[in-house]
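J.: Next come the chains, spelled out residue by residue.
Protein chains: 2
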Amino acid sequence: MIVKQLNAVPYAETSGYAGVTKRIVIGPADGSDEIVLRYFSLEPGGTTPHHAHGFPHLVKVEVGEGVATDGAGRERPLRAGDYIFVPADERHFFRNTGAGPFEFICIVPRRGEG
Amino acid sequence: MIVKQLNAVPYAETSGYAGVTKRIVIGPADGSDEIVLRYFSLEPGGTTPHHAHGFPHLVKVEVGEGVATDGAGRERPLRAGDYIFVPADERHFFRNTGAGPFEFICIVPRRGEG
Chain A
1 MIVKQLNAVP YAETSGYAGV TKRIVIGPAD GSDEIVLRYF SLEPGGTTPH
51 HAHGFPHLVK VEVGEGVATD GAGRERPLRA GDYIFVPADE RHFFRNTGAG
101 PFEFICIVPR RGEG
Chain B
1 MIVKQLNAVP YAETSGYAGV TKRIVIGPAD GSDEIVLRYF SLEPGGTTPH
51 HAHGFPHLVK VEVGEGVATD GAGRERPLRA GDYIFVPADE RHFFRNTGAG
101 PFEFICIVPR RGEG
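Protein sequences appear in the order of chains A and B.
Heads up, the first sequence is in this note's numbering, so the first residue is 1 and it goes up one at a time.
Heads up, the second sequence is in this note's numbering, so the first residue is 1 and it goes up one at a time.
Excised from the complex, chain A in its bound form (with noise of 0.2 angstroms):
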């Protein structure tokens, strides 16, 4: 069993995308080696990658405002406590629409994680 508080976790590379940290919180390194859980933190007006992908993502939000869009393009809006599902093959980012960090956990199957 590990324990571990978030201040404890490193960052991890997330060079090319401005204004996103990324922490893996719990993963492979731990010895979690089918689901691994992030968190990214975004400045005010920072996105995720607009992309797809064959996995899906269980997301909590955790601080601040933010939206995500959906396959449609729709822009759905979100605030801490809320809880996302992105099935695999969606189209989707997020984006910090708040005037401070907008922080959320992101959970991914292994191979959803480098």
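Certain hints may be false.
[Unchecked claim] Listing some non-contacts, in silico: residues in chain B with all C-beta distances to chain A over 12 angstroms:
hint: 1; residue: Thr14
hint: 2; residue: Ser15
hint: 3; residue: Gly16
hint: 4; residue: Tyr17
hint: 5; residue: Ala18
hint: 6; residue: Glu43
hint: 7; residue: Pro44
hint: 8; residue: Gly45
hint: 9; residue: Gly46
hint: 10; residue: Pro49
hint: 11; residue: Gly64
hint: 12; residue: Ala99
hint: 13; residue: Pro101
[What the hints assert, rightly or not] Stretches of chain A that chain B covers, calculated by requiring three or more beta carbons in the stretch to come under 8 angstroms of a beta carbon on chain B:
hint: 14; segment: 2-10
hint: 15; segment: 30-42
hint: 16; segment: 52-60
hint: 17; segment: 70-79
hint: 18; segment: 86-95
[As the list claims (entries may be wrong)] Distance windows between CB atoms, simulated:
hint: 19; chain 1: A; residue 1: Gly100; chain 2: B; residue 2: Glu75; range: 33 to 43 angstroms
hint: 20; chain 1: B; residue 1: Gly31; chain 2: A; residue 2: Ser15; range: 29 to 39 angstroms
hint: 21; chain 1: B; residue 1: Gly45; chain 2: A; residue 2: Gly16; range: 47 to 57 angstroms
hint: 22; chain 1: A; residue 1: Gly16; chain 2: B; residue 2: Pro10; range: 37 to 47 angstroms
hint: 23; chain 1: B; residue 1: Gln5; chain 2: A; residue 2: Asn7; range: 25 to 35 angstroms
hint: 24; chain 1: A; residue 1: Ala72; chain 2: B; residue 2: Leu6; range: 23 to 33 angstroms
hint: 25; chain 1: A; residue 1: Arg74; chain 2: B; residue 2: Leu6; range: 19 to 29 angstroms
hint: 26; chain 1: A; residue 1: Ile2; chain 2: B; residue 2: Pro49; range: 16 to 26 angstroms
It is worth saying that the hints were derived from the structure and are not from the lab.
The beta-carbon is built from N, C-alpha and C at its ideal position, and this holds for glycine as well.
With chain A fixed as given, assemble chain B onto it according to the hints.
T.: Just chain B, lined up with the frame of chain A:
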């Protein structure tokens, strides 16, 4: 894409677990057939079953204070914001040691949920 708040999620069957409620926040009913995200709430003194199983848990404490007992029988203190990884086959349970509710999300592969 599905967006929901916890208070819209119905309670799942947990008869036989005194002082424990469970909600399946993202699961098969949402189309999530690989990973399931559940939300547990334990009353003061409440515990989850002491058991081991062939799938991992990824846990984040949301509210309150408790302990997780690991495979060596050690109690690991937990508080809101902690992340816990329980590998497959490690015996474990969670117990509320606080005066209020102890609540956590618990993510499992699909085979770990019913």
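J.: All hints, please: hold or fail.
T.: Hints and how they fare:
Residue placement check: threonine 14 of chain B keeps its beta carbon more than 12 angstroms from all beta carbons of chain A (closest about 20 angstroms). For serine 15 of chain B, the shortest C-beta to C-beta distance to chain A comes to about 25 angstroms, beyond the 12 angstroms cut-off, and the non-interface label holds. Glycine 16 of chain B, annotated as away from the interface, keeps every beta carbon of chain A farther than 12 angstroms; the closest lies near 24 angstroms. No beta-carbon of chain A is positioned within 12 angstroms of the beta-carbon of tyrosine 17 of chain B; the least distance is around 21 angstroms.
Here alanine 18 of chain B stays apart from chain A, with its beta-carbon at least about 24 angstroms from theirs, past the 12 angstroms limit. Residue-level check passed: glutamate 43 of chain B sits 22 angstroms from the nearest beta carbon of chain A, beyond 12 angstroms. Against the 12 angstroms criterion, proline 44 of chain B stays outside the reach of chain A, whose nearest CB is about 21 angstroms from its own CB. Its beta-carbon lying about 21 angstroms from the closest one in chain A, glycine 45 of chain B satisfies the requirement of being farther than 12 angstroms from that chain.
With a minimum CB-CB distance of about 19 angstroms to chain A, glycine 46 of chain B clears the 12 angstroms threshold, and the non-interface call stands. Look at proline 49 of chain B: its CB is around 16 angstroms from the nearest CB on chain A, clear of 12 angstroms, so calling it non-interface holds up. Non-interface status of glycine 64 of chain B relative to chain A is upheld: no Cβ of that chain comes within 12 angstroms, the nearest being about 15 angstroms off. Non-interface call for alanine 99 of chain B relative to chain A: holds, since the shortest CB-CB distance, roughly 22 angstroms, exceeds 12 angstroms.
The non-interface label for proline 101 of chain B is consistent with chain A: the shortest C-beta to C-beta separation is roughly 16 angstroms, beyond 12 angstroms. Residues of the segment 2-10 of chain A lying with their CB closer than 8 angstroms to a CB of chain B number 5, which satisfies the three-residue condition for coverage. Interface restraint, the segment 30-42 of chain A with chain B: holds (6 residues with C-beta to C-beta distance below 8 angstroms; minimum three). Residues of the segment 52-60 of chain A with a Cβ under 8 angstroms from some Cβ of chain B number 4, which satisfies the need for three, so the listed coverage holds.
Only residues whose beta carbon comes within less than 8 angstroms of a beta carbon in chain B count, and the segment 70-79 of chain A has 4; three or more means the coverage holds. With 4 residues bearing a CB less than 8 angstroms from a CB of chain B, the segment 86-95 of chain A meets the requirement of three and the coverage assertion stands. The hinted window of 33 to 43 angstroms between glycine 100 of chain A and glutamate 75 of chain B holds, with their beta carbons roughly 36 angstroms apart. Separation of glycine 31 of chain B from serine 15 of chain A is about 33 angstroms and conforms to the stated range, judged on CB atoms against 29 to 39 angstroms.
The given range of 47 to 57 angstroms is respected by glycine 45 of chain B and glycine 16 of chain A, whose C-beta atoms sit roughly 49 angstroms from each other. Glycine 16 of chain A and proline 10 of chain B have their C-beta atoms about 41 angstroms apart, which keeps the hinted 37 to 47 angstroms range intact. Glutamine 5 of chain B and asparagine 7 of chain A have their C-beta atoms about 27 angstroms apart, which keeps the hinted 25 to 35 angstroms range intact. A hinted range of 23 to 33 angstroms for the beta carbons of alanine 72 of chain A and leucine 6 of chain B is consistent with their spacing of about 25 angstroms.
Between arginine 74 of chain A and leucine 6 of chain B the Cβ separation comes to about 22 angstroms, which falls inside the hinted range of 19 to 29 angstroms. Between isoleucine 2 of chain A and proline 49 of chain B the CB atoms are about 21 angstroms apart, so this pair conforms to the stated range of 16 to 26 angstroms.
Violation of the numbered hints given earlier is absent; every hint is satisfied by the structure.
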